[in-house]
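Trainee: Listed below are the residues making up each chain.
Protein chains: 2
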Amino acid sequence: MGYDTPLREYRFVLEELSGLSALLDCPGFQDLSVDLVRAVLEENARFVQSEIAPLNAAGDRSPARWLDGAVETPPGFRQAFSQYAQGGWQGLQHEAELGGQGFPKLVGTAAVENLNAANLSFSLCPLLTDGVIEALSTVGSEQQQALYIPPLIEGRWTGTMNLTEPQAGSDLSLLKTRAQPQPDGSYRLFGQKIFITFGEHDMAENIVHLVLARLPDAPPGVKGISLFIVPKFIVSADGSLGERNDVWCASLEHKLGIHGSPTAVMLYGSGKGEAGEGAVGYLVGEANRGLQYMFVMMNAARFAVGVQGVALAERATQQAWAYAAERLQGQGLEGPSKGPVPINRHPDVQRMLWTMRALADGGRALAAMAALARDLAHHHGNAEERGRQQALYEYLVPIVKGFCTENAVEAASLGVQVHGGMGYIEETGVAQYYRDARILPIYEGTTAIQANDLLGRKTWRDGGAVAHGLHRQMLATLDELATAAGRGGTHQAGLKVIARHMEPALQAYAQAVDYMLDQSSAPAAAFLGSVPYLMLSGVVLAGWQMARAALICTEALGDDGRGPQADDPFHAQKLAACVMYASQVLPRAPAHLASIIDGADVAGYASQASD
Amino acid sequence: MGYDTPLREYRFVLEELSGLSALLDCPGFQDLSVDLVRAVLEENARFVQSEIAPLNAAGDRSPARWLDGAVETPPGFRQAFSQYAQGGWQGLQHEAELGGQGFPKLVGTAAVENLNAANLSFSLCPLLTDGVIEALSTVGSEQQQALYIPPLIEGRWTGTMNLTEPQAGSDLSLLKTRAQPQPDGSYRLFGQKIFITFGEHDMAENIVHLVLARLPDAPPGVKGISLFIVPKFIVSADGSLGERNDVWCASLEHKLGIHGSPTAVMLYGSGKGEAGEGAVGYLVGEANRGLQYMFVMMNAARFAVGVQGVALAERATQQAWAYAAERLQGQGLEGPSKGPVPINRHPDVQRMLWTMRALADGGRALAAMAALARDLAHHHGNAEERGRQQALYEYLVPIVKGFCTENAVEAASLGVQVHGGMGYIEETGVAQYYRDARILPIYEGTTAIQANDLLGRKTWRDGGAVAHGLHRQMLATLDELATAAGRGGTHQAGLKVIARHMEPALQAYAQAVDYMLDQSSAPAAAFLGSVPYLMLSGVVLAGWQMARAALICTEALGDDGRGPQADDPFHAQKLAACVMYASQVLPRAPAHLASIIDGADVAGYASQASD
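Just so you know, the sequences run in chain order A and B.
Taken in order, the first sequence gives residues 1 to 611; the numbers are from UniProt numbering.
Taken in order, the second sequence gives residues 1 to 611; the numbers are from UniProt numbering.
Hints should not be assumed to be uniformly reliable.
Which copy is meant is left open, so a pair is good if it fits within one copy or across any two.
[Unchecked claim] In silico SDA-like pairs for lysine to any residue, Cα to Cα no more than 25 Å straight-line:
| no. | residue 1 | residue 2 |
| --- | --- | --- |
| 1 | K496 | Q507 |
| 2 | K496 | Q511 |
| 3 | K272 | P340 |
| 4 | K272 | S137 |
| 5 | K176 | G276 |
| 6 | K223 | P340 |
| 7 | K223 | L283 |
| 8 | K176 | I425 |
| 9 | K223 | G456 |
| 10 | K272 | P166 |
| 11 | K496 | D518 |
| 12 | K496 | D514 |
| 13 | K496 | S521 |
| 14 | K496 | A522 |
| 15 | K272 | H468 |
| 16 | K223 | R188 |
| 17 | K496 | S610 |
| 18 | K496 | Y515 |
| 19 | K176 | A325 |
Calculated from the structure, these hints are not laboratory results.
Just so we're clear, the structure is a prediction, and the values are computed from it rather than from any experiment.
Hey, can you work out the whole structure from these sequences and the hints?
Mentor: As structure tokens, then:
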């Protein structure tokens with residue numbers, strides 16, 4: 001099935017929901033305009049739909065192949081990446097002084113979603129390259145930035161993150177890869193890294209690996225980890241490529257999904273490189289602060305993986321909606337007709353279609369809120385506001401990552417269900433989404449890791465300040481809903497449904513935050529509820545954005561159904577999505593709360609799992 | 001990973017929770033005893049663990065293959081099925097007068113679960129054969145029963161169900177396959193059937209297809225469908241095999257999972273049979289009552305698919321628990337230790353492990369309640385009670401099918417998550433469960449079809465009588481919980497957690513039933529909530545059984561921790577599962593209710609999916 005970039009929805013989220021126009025008034029965006037953003041996203045849509053989306057199924061059926069150390073990507077990937085690079089898409093959201101185009105993250109996020117919706121496997125290469133660019137531009141030396149960033153932005157080279165080792169996954173304190181200092185100031189790395197996405201491939205001239213390793217005198221644990229640049233081909237001072245480094249792809253994993261994306265086992269220092277034994281590496285920043293630096297890259301990557309979740313939910317949703325409009329089966333509820341009706345006339349199919357739509361749209365609105373906060377944290381004129389927005393962004397990143405990726409699994413599963421038996425046949429294509437989606441809540445930190453972050457660093461550390469602030473803002477939206485519903489009019493019923501579910505959801509959010517603050521000295525009780533706490537937060541915050549969207553839609557449609565944009569079918573459909581989000585998704589918040597507040601009472605029982 | 005038949009759990013469910021001993025006092029079971037049942041299940045466990053379970057991963061990697069019309073099953077399947085047949089396992093729950101062993105369905109259900117947990121793909125062949133035996137023993141003529149049932153029970157032949165056609169899936173009124181009467185009283189069938197599980201294979205001498213088709217003068221719709229026996233090889237009056245019939249496997253589907261099970265496209269009447277053009281078929285029962293007859297088989301098969309859900313949840317749960325006990329990662333909550341701890345010490349992993357365990361155990365308890373009802377419906381001495389139990393069984397079948405299969409998908413997904421990145425690698429084996437599980441909420445009637453059945457035939461038709469009766473029984477259990485918790489003692493905290501969640505869950509159940517009864521004239525509003533209604537019913541009814549289990553456990557452990565079975569670690573673990581079910585699963589009931597009672601308010605918005 002084809003994929004249609006939801007351009008109208010992007011416009012709504014950027015312009016109507018997130019205030020793109022106001023953002024572009026901030027310092028640093030003077031060369032941009034709403035019209036330019038529209039034009040860029042339209043061009044992005046054209047390119048992605050025609051060149052990237054058609055490779056998705058083929059990449060699934062012809063996985064990346066390991067051939068004696070080299071890796072052949074699926075048919076068409078190489079050419080497509082070259083076009084992607086030539087189009088300047090890799091630089092879209094990077095700063096102009098580094099060779100990027102300097103668009104806000106809010107805009108970049110739409111382009112990232114679009115690319116991932118078209119082809120998740122392909123998109124992983126640019127996604128990780130973005131992370132390497134962001135890390136080097138933050139913590140790399142001037143020389144490192146000058147040497148590595150421009151070719152990465154130009155798409156001549158690509159980047160990877162090397163964290164995981166067989167014994168060290170979620171727990172990076174167990175890292176063993178070691179870096180030996182050399183007389184010339186460089187290092188030689190020795191070790192094995194696993195699960196390295198696009199660790200080897202044939203789409204670029206060089207690959208820039210960012211690698212976590214230990215120096216000989218490093219303290220144990222996470223405080224003894226340093227960050228290194230290890231290029232596949234050693235880069236001369238003039239930027240030209242030199243000897244083949246001693247870093248090798250030993251094999252590729254045989255995975256459930258994302259077949260088009262090579263997941264490599266990487267060996268550092270096997271002695272086969274032209275440069276001699278040990279992979280030549282260069283320290284980034286100070287020694288032993290590698291994990292801290294990697295967090296820069298990880299935060300960018302975690303946010304982007306959350307957006308992958310939105311993208312996959314969107315893709316699955318589109319295909320389910322299209323199938324349900326075509327597949328004829330069963331009588332309509334109106335009574336016997338002349339023949340079978342499209343299955344989108346059946347209420348239960350509608351429930352599934354809207355739940356998928358609500359999960360995709362809610363996640364997108366949440367991610368946009370986070371992206372906007374990131375942009376304001378860098379561009380707002382007021383320093384205090386920049387600080388507030390940075391805190392908000394950091395609070396939202398684990399929620400975007402955890403909530404949107406778990407939802408992608410749910411949406412993909414519902415997508416199979418809408419297709420019935422046909423969904424289980426690989427040729428239909430929706431089984432691929434179900435397989436692809438399953439990695440999203442795992443890589444770049446499992447949902448549990450995100451939940452630890454939300455609880456430990458983003459709730460306990462600030463005493464719930466960000467969360468309480470959000471709660472106050474959400475209560476204000478609830479008041480607006482009540483006022484709007486009180487006016488009567490065509491959309492009163494929908495607004496009332498939203499308000500009815502928002503109220504207990506907001507209560508649940510406040511209670512969950514306060515319960516968690518109370519449990520800061522009882523970690524077992526708190527961490528038993530950490531993932532439900534993250535999911536509750538996502539349900540409520542995305543629900544808030546959907547409630548805001550509903551208010552915008554009723555304004556556009558008019559109380560009398562004759563508002564300024566009443567002729568545009570978009571707002572009526574969007575309002576339906578908001579109502580269905582409230583009805584089908586918001587009730588999960590009180591359910592999560594009920595599990596969370598059991599923590600202290602059930603911790604003793606739960607711990608019997610380790611008896 | 002190996003699979004361990006949970007024999008101790010089976011004993012608990014059969015003997016302690018379901019009252020096996022009392023059941024065996026019913027007429028017809030005089031030759032059976034609790035000890036014999038134990039011995040049979042132990043032998044079943046031994047056989048299944050050693051001969052069937054080891055073929056599961058191989059069947060996934062070497063799918064059934066189509067070879068010019070013939071089908072080669074995966075390595076070992078043929079020999080294993082022969083051993084299965086020789087062991088008499090196909091006849092375990094069938095009546096003695098037909099050549100079966102006459103065990104109660106309660107016992108047969110444990111054996112079915114065990115087989116499916118070991119190897120879902122393999123088990124589909126016996127599962128469908130069971131359905132054909134049940135259908136023919138109910139509606140076949142004496143001659144048909146004598147000719148077909150013994151070889152099916154002996155495992156020399158196997159059976160299939162042929163309903164679906166490309167244009168007729170959930171909606172069987174669209175069936176086109178036609179049956180032409182012949183002068184000798186037989187029929188010739190012409191048409192195409194799809195999604196025919198084990199429609200062709202190499203494990204048996206003959207295959208007995210039960211096929212839905214239309215007679216030339218049949219009325220349109222579901223009232224014009226008749227049921228036919230179409231054997232692969234025509235059977236002579238003496239039971240010997242004759243000519244190859246004109247029924248052919250045209251191809252096999254390329255599926256997301258259950259690779260070991262061939263899913264066939266079947267052609268009836270292509271003219272290539274030795275018997276000439278058209279597949280020779282024999283009418284079962286009366287003309288035009290085929291769908292009604294097929295429901296006999298479907299009810300048996302639907303229940304069995306629900307049990308498949310339990311089985312898959314059990315298998316995924318076992319593997320996750322084993323991995324979590326071995327994988328070392330992270331510090332324990334007690335503070336820094338000498339090294340990493342097994343991940344089952346982390347509260348969030350415990351949450352996942354127990355949620356999986358709760359879903360598997362809760363589903364098993366629910367299925368046992370249904371199986372017991374079926375046994376009592378056939379064997380209870382009192383006719384009125386038989387009627388009550390039959391109504392209960394019929395009420396429970398769609399819930400067992402829908403709830404347990406949706407839970408299998410959730411449990412398999414959690415199982416991948418517990419494994420982290422390793423879960424996404426196919427060699428680990430848990431990705432197979434995630435793929436296999438996804439068919440369960442689809443085949444033998446999607447969850448929506450089950451929900452239609454629960455709502456239309458099992459709630460509206462009897463005015464909620466069965467549901468109201470269950471609600472009264474559940475309130476009595478809630479009273480027992482309060483009394484037991486009031487006694488104080490070691491397990492008071494756990495019982496209080498259960499009671500705390502049971503109360504709103506029971507309220508939600510009662511309110512959902514009453515809401516649905518009120519909406520019987522507003523089908524859109526009701527059917528929007530039909531699947532949530534089914535899931536709510538499953539959550540609450542299985543939760544009730546888990547509450548009963550908790551009461552049994554506290555009795556066994558003793559209020560002072562020195563009860564009659566305090567030394568057996570089983571009851572303490574089981575009690576923990578019951579507490580965690582209450583904490584993690586029961587809160588879903590009020591959330592489902594909140595979605596359900598929106599029906600009338602949101603139906604107008606939802607219907608925009610078909611605009």
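Trainee: Quick one: K496 to A522, C-alpha cut-off 25 Å, is that within a copy, between copies, both, or neither?
Mentor: Classified as between: cross-chain Cα gap 21 Å, same-chain 39 Å, threshold 25 Å.
Trainee: State whether the alpha carbon distance between K272 and H468 is at most 25 Å within one copy, between copies, both, or neither.
Mentor: For K272 and H468, neither the intra-copy (56 Å) nor the inter-copy (75 Å) Cα distance is at most 25 Å.
Trainee: For the identical chains here, do K176 and A325 meet the 25 Å Cα criterion within one copy, between copies, both, or neither?
Mentor: For K176 and A325, only the inter-copy Cα distance (23 Å) is at most 25 Å; the intra-copy one is 54 Å.
Trainee: Check K223 against P340 for me: Cα-Cα at most 25 Å, and say if that holds within a copy, between copies, both or neither.
Mentor: between (65 Å within a copy, 16 Å between copies)
Trainee: Using 25 Å as the alpha-carbon threshold, which applies to K272 and S137: within, between, both, or neither?
Mentor: Neither way: K272 and S137 sit 31 Å apart in one copy and 71 Å across, limit 25 Å.
Trainee: Using 25 Å as the alpha-carbon threshold, which applies to K496 and D514: within, between, both, or neither?
Mentor: Between copies, since 23 Å is at most 25 Å while 27 Å is not.
Trainee: Cα distance capped at 25 Å. Does K223 pair with G456 within a copy, between copies, both, or neither?
Mentor: within (18 Å within a copy, 63 Å between copies)
Trainee: Measure nothing new, just compare the shortest in-copy and cross-copy C-alpha distances for K176 and G276 to 25 Å and report within, between, both or neither.
Mentor: within (21 Å within a copy, 72 Å between copies)
Trainee: Please work out whether the CA atoms of K496 and D518 approach to 25 Å or closer within one copy, between two copies, in both situations, or in neither?
Mentor: Between copies only: 22 Å across chains, 33 Å inside a chain, cut-off 25 Å.
Trainee: Given identical chains, is K176 near I425, meaning Cα to Cα at most 25 Å, within a copy, between copies, both, or neither?
Mentor: Only across copies: K176 and I425 sit 22 Å apart there, 43 Å inside one copy, limit 25 Å.
Trainee: At most 25 Å between alpha carbons: which applies to K272 and P166, within, between, both or neither?
Mentor: within (22 Å within a copy, 57 Å between copies)
Trainee: Checking K223 and L283: alpha-carbon separation at most 25 Å within a copy, between copies, both or neither?
Mentor: within (15 Å within a copy, 77 Å between copies)
Hints 3, 4 and 15, counting from the list given before, are not met by this structure.
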